[in-house]
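These protein sequences, in sequence, are chains C and B. Per the numbering used here: the first sequence = residues 1 to 311. Per the numbering used here: the second sequence = residues 1 to 311.
No lab work stands behind these hints: they were computed from the structure. For each residue, glycine too, the CB sits at the ideal point set by N, CA and C. Check before you lean on any hint, since a few could be wrong.
Said to hold, decoys possible - So the derived label-pair ranges between C-beta atoms look like this:
#	chain 1	residue 1	chain 2	residue 2	range
1	B	A244	C	G128	50 to 60 Å
2	C	G86	B	E80	19 to 29 Å
3	B	F91	C	E72	24 to 34 Å
4	B	G68	C	A110	24 to 34 Å
5	B	G128	C	V83	20 to 30 Å
6	C	G172	B	W90	28 to 38 Å
Said to hold, decoys possible - Here chain C is said to cover these stretches of chain B; the calculated rule only asks that three of the stretch's residues, wherever they fall, bring their Cβ under 8 Å from a Cβ of chain C:
#	segment
7	38–50
8	71–77
9	84–92
10	131–139
11	246–259
2 protein chains.
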Amino acid sequence: MPAISQSVTLLSGGGGGAKLAHGMARAVEDLTVVINTADDAVVYGLSVSPDLDTVMYTLAGEANSVTGWGIEGDTHATIEAMVRLGEDAWFSLGDRDLATQIVRSARLRAGAALSEVTAQFSAALGIGARLLPMTDERVATQVDTPAGRLGFQEYFVAHRHSDKVLGLVFDGVERARPGPGVLAAMTTADVVVIGPSNPFVSIGPILAVPGIREALEETPARRVGVSPIVGGRSLKGPAAAMLAALDHEVSALGVARLYVGLLDMLVIDEQDQDLVSAIEALGMSVLVTQTVLGGADDRERLARELLMAAS
Amino acid sequence: MPAISQSVTLLSGGGGGAKLAHGMARAVEDLTVVINTADDAVVYGLSVSPDLDTVMYTLAGEANSVTGWGIEGDTHATIEAMVRLGEDAWFSLGDRDLATQIVRSARLRAGAALSEVTAQFSAALGIGARLLPMTDERVATQVDTPAGRLGFQEYFVAHRHSDKVLGLVFDGVERARPGPGVLAAMTTADVVVIGPSNPFVSIGPILAVPGIREALEETPARRVGVSPIVGGRSLKGPAAAMLAALDHEVSALGVARLYVGLLDMLVIDEQDQDLVSAIEALGMSVLVTQTVLGGADDRERLARELLMAAS
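Make the full structure from the sequences, and use the hints.
Following this line, the structure appears as structure tokens:
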């Protein structure tokens with residue numbers, strides 16, 4: 001099918017947001033993805049950006065579809081050798097994935113901005129969409145749990161997101177500025193999409209960067225969200241558990257309530273048909289379709305349905 | 001054969017010195033290797049220590065015997081992916097070798113000394129010998145050439161040591177202190193050995209660290225060198241070319257002249273039998289034997305012959 005001549009800006013974490021980005025990249029001529037960087041961490045002395053990488057690998061057609069992160073068919077010679085040297089290799093990185101971390105870390109240390117390095121990588125991998133870090137400054141999600149405050153990767157990877165979430169802190173976000181091009185991409189797009197990413201730890205930090213929430217509130221673009229909660233459960237990861245822990249309804253309606261004033265339309269799954277009128281009562285229209293995404297064709301199908309409903 | 005109950009301290013670069021270290025480790029009960037760190041560099045943002053690693057991999061039985069550096073059978077998935085990301089991957093590092101660089105870099109950045117990290121790696125790899133960096137401070141060999149001053153790895157790897165050497169600078173060496181245990185290992189050993197390493201860029205920086213040359217001059221130990229020049233040629237690398245370029249005789253005699261006052265005995269190859277009396281005239285005894293080393297048994301053979309002649 002021909003690409004739709006619209007400009008779309010998608011706010012995304014990894015996972016579901018990356019899949020929708022993949023579908024959008026196939027569906028439209030002009031795609032910008034604004035990506036959460038508050039999951040970024042320094043691991044083994046290397047600057048890792050898990051959400052940026054998942055979107056990048058997904059758009060390059062290289063993402064590992066089983067794990068949801070890393071590169072399909074990657075090997076693990078380096079990490080195994082690190083274990084042998086006595087390193088606690090709690091954060092798994094494949095050999096090709098490590099190349100991304102090594103080169104990014106070296107370029108950042110040499111003074112490049114994360115947005116520059118991301119643009120370089122996108123060009124090298126032949127990615128047509130613009131991938132924009134939400135900010136070039138350091139923002140670090142920290143998770144308050146009964147065991148104390150944990151860094152995000154500590155909570156997510158080392159503890160396998162099993163701790164009850166009492167609260168979230170986006171350390172550094174007050175001083176962060178939107179990355180180059182982020183605000184313009186939101187105010188000039190035909191459609192701004194909030195991807196089916198975790199509202200708290202993927203979309204939350206993006207919206208917490210001063211200026212981004214306001215840009216979404218004020219953009220003349222159509223604003224469409226895709227619920228990451230289907231049938232009362234997360235498609236992946238701890239979104240449902242966080243909704244519950246933070247006293248929200250664990251459903252697409254709970255998601256809709258988080259985005260009141262920010263969305264003109266919410267896309268929900270067929271399983272959640274019964275929530276339509278309650279969501280409409282919040283002041284947004286609803287598109288009901290199949291949102292549990294399969295391969296590239298299915299991702300493009302959702303992108304096209306969304307854009308058709310939004311126009 | 002039973003291990004010889006002597007303590008030996010060996011000064012070494014990579015290459016020939018590492019092979020002799022391997023033989024010594026099999027021959028004696030107590031071995032310390034003091035290793036050149038002036039080849040160290042930051043490559044892709046990682047702290048690489050080529051001579052330390054060659055000795056370490058050789059003693060662990062993992063060295064790549066074809067290249068003379070790196071790990072036998074290592075793969076190159078990461079470096080290939082780095083090239084794909086647009087990095088100029090001029091310095092090849094295998095995947096398992098990269099693990100060493102990543103972990104070392106992270107631990108150094110976290111405040112550990114190079115000597116500590118080296119001891120941790122040695123323990124993890126089951127190496128019984130003590131591997132001591134010549135210093136924990138940064139010393140960087142720079143090579144003056146007709147094309148200007150080059151960093152050592154730039155000269156050695158990127159330019160394949162093809163530039164004429166006009167002079168050498170060991171940047172930072174005046175302020176460097178011998179690494180922990182280095183002086184004690186030289187003054188308390190039964191035998192101190194200068195390995196068959198490049199006298200200028202492997203042994204030279206070690207002796208240039210304030211205090212080390214004096215310790216070698218004054219130690220009560222027997223002091224034995226092994227010539228890296230056989231039949232007027234380098235066993236490996238640019239030692240012969242450097243002797244010529246810096247106006248020294250390109251022979252074991254030329255090597256002997258560099259070490260006058262530092263050695264009681266020089267080990268030379270059978271091919272250089274005719275140099276014995278000229279070397280003896282410099283005030284050192286000579287052991288003539290087969291010095292072009294093969295596998296582990298041959299390395300041990302040379303170590304035992306050397307120690308027998310020294311005692």
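Margin query: For the hint 50 to 60 Å, verify it against the beta carbon of A244 (chain B) and that of G128 (chain C).
Written below: With a Cβ separation near 56 Å, A244 (chain B) and G128 (chain C) satisfy 50 to 60 Å, so the hint holds.
Item checked: Coverage claim, chain C over the segment 71–77 of chain B, checked by counting residues with Cβ within 8 Å (three needed) -> Check passed, 3 qualifying residues.
Check: Is the distance from the Cβ of G172 (chain C) to the Cβ of W90 (chain B) consistent with 28 to 38 Å?
Finding: Hint holds: Cβ distance 36 Å, inside 28 to 38 Å.
Notebook entry, point to check: Holds or violated: the segment 38–50 of chain B covered by chain C, criterion of 3 or more residues with Cβ-Cβ distance under 8 Å?
Noted result: holds (count 3)
Item checked: Pairwise beta carbon distance, G68 (chain B) to A110 (chain C), judged against the given window 24 to 34 Å -> holds (30 Å)
Note to self: Taking 8 Å as the Cβ threshold, is the statement that the segment 246–259 of chain B is covered by chain C upheld or broken by the three-residue rule?
What the structure shows: Violated, because only 0 residues of the segment 246–259 of chain B bring their Cβ atoms closer than 8 Å to Cβ atoms of chain C.
Next item on the list: Could you tell me whether the CB distance from G86 (chain C) to E80 (chain B) stays inside 19 to 29 Å?
Entry: Holds, since G86 (chain C) and E80 (chain B) (Cβ atoms, about 27 Å apart) stay within the stated range.
Note to self: Please check whether the segment 84–92 of chain B has three or more residues whose CB lies within less than 8 Å of a CB on chain C.
What the structure shows: With 4 residues close enough to chain C, the hint holds.
Note to self: Is the listed coverage of the segment 131–139 of chain B by chain C valid when you require three or more residues with a beta carbon under 8 Å from a beta carbon of that chain?
What the structure shows: Since 0 is below three, the answer is violated.
Next item on the list: Return holds or violated for the Cβ distance of F91 (chain B) and E72 (chain C) against the range 24 to 34 Å.
Entry: holds (28 Å)
Next item on the list: Indicate whether the distance between the beta carbons of G128 (chain B) and V83 (chain C) respects the range 20 to 30 Å.
Entry: holds (22 Å)
Hint compliance for this structure: hints 10, 11 are broken, all remaining hints hold.
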